[in-house]
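Residue numbers (numbering that gives the first Met the number 0), protein chains in the order written: chain A, 0 to 209; chain B, 0 to 108.
Simulated from the structure, these hints should not be mistaken for lab results.
With the C-beta cut set under 7 angstroms, the calculated list includes, among others, these residues of chain B facing chain A:
1. LEU14
2. ALA25
3. LEU27
4. ARG28
5. ASN37
6. ALA45
7. PHE52
8. HIS59
9. ALA65
10. ALA69
Every beta carbon over 12 angstroms from chain B, so not counted as near; a handful from chain A, in silico:
11. ARG11
12. LEU102
13. GLU111
14. HIS114
15. HIS154
16. VAL160
17. ARG170
One side of the interface only, derived from the structure: several residues of chain A facing chain B at Cβ under 10 angstroms:
18. TRP23
19. LEU60
20. MET77
21. GLU183
22. PHE198
23. LEU202
All C-beta atoms, glycine included, are put in the ideal place defined by N, C-alpha and C.
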Amino acid sequence: MEAPVAAHFASRAQQALAATFGMWVFLATEALLFGPLFFGYLYVRTHFPEAAGAASRHTDLVLGTLNTATLISASLCMALAAQPQRRARSAAWLLWASAALGLAFLAIKGLEYRHEFAAQLFPDRGFAPADAGAPAHAHGMQLFFVLYFAMTALHALHLAVGVAACLVVARALRRGRARAEQVELAGLYWHFVDVLWIFLYPLLYLVERA
Amino acid sequence: MNRQDKSLVLVWVALLLLLAASAGSALLRLGAWNSVLNLAVAAVKAALVLLFFMRLRASHKLLRLAALSAFATLAVLFGLASSDYATRTVYPAPLQTPRQLAPHALPLQ
Chain A
0 MEAPVAAHFA SRAQQALAAT FGMWVFLATE ALLFGPLFFG YLYVRTHFPE AAGAASRHTD
60 LVLGTLNTAT LISASLCMAL AAQPQRRARS AAWLLWASAA LGLAFLAIKG LEYRHEFAAQ
120 LFPDRGFAPA DAGAPAHAHG MQLFFVLYFA MTALHALHLA VGVAACLVVA RALRRGRARA
180 EQVELAGLYW HFVDVLWIFL YPLLYLVERA
Chain B
0 MNRQDKSLVL VWVALLLLLA ASAGSALLRL GAWNSVLNLA VAAVKAALVL LFFMRLRASH
60 KLLRLAALSA FATLAVLFGL ASSDYATRTV YPAPLQTPRQ LAPHALPLQ
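With the rest of the complex left out, here is chain A (with noise of 0.2 angstroms):
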């Protein structure tokens, strides 16, 4: 379906054009958002050496080299559904293909933060990781951990916005009403996303894992 262009506007391109760069500039705010979190990251990997990387030991690497794989395959989909000669069904299909996915990586991280609660690892009064060590060793990794869970959720928050954003660009191409621009800014938040999960996987999963 052919968008209409707005009055301000000298052409369709140049529309587009202003809505991906809008979406450019709130992805660049959204990297400062997390930056803060990625600044206390150094802070605690430079302060509590060997504390970050028993906390680090403690996190799944298996599931969160799953939960990698499944992110970035869920990127391809929309990748694929955003290249210009797409039809608008098998754009649906591909949104819904990486809403699924998405809805896979956060069941593997809640189940992820199941068991992390079990083996009482959340930064509460109640934390107590097997080999605590130290007060100052305990303290250190505690601070690894708050900051894991901070990370991880905010991460999942904005994966979930990407989960409802794809659903309902989906259903508006199925019913004729989508426009090619909103499956491309779909795409690019759900990019950053990944992007940004790219970056907490080795920082929180491989920390001094030999």
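Following the hints, put chain B in place on chain A, whose structure we already have.
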């Protein structure tokens, strides 16, 4: 499947191989190089997503500028904030309780 679709699938394969490489290398004893390698792999993966999935490779300069501005701003803020943490001693504030200063030195109530 046309050429553009094929290149996207190839990028996906490359991303999965890089994921396997970073998970595998994390299990080797490389000391500090583990982190360097993992972050380098993450940077390459992020670049692949940005250039191909997010199409920065062939997009308008304005979009590349917006993407770059995020990284540039983060770099400035990281630089300023880490200079603060690297050069100052942390003194406890008078209102902090013993538990706040040494969270695990005292038994839980």
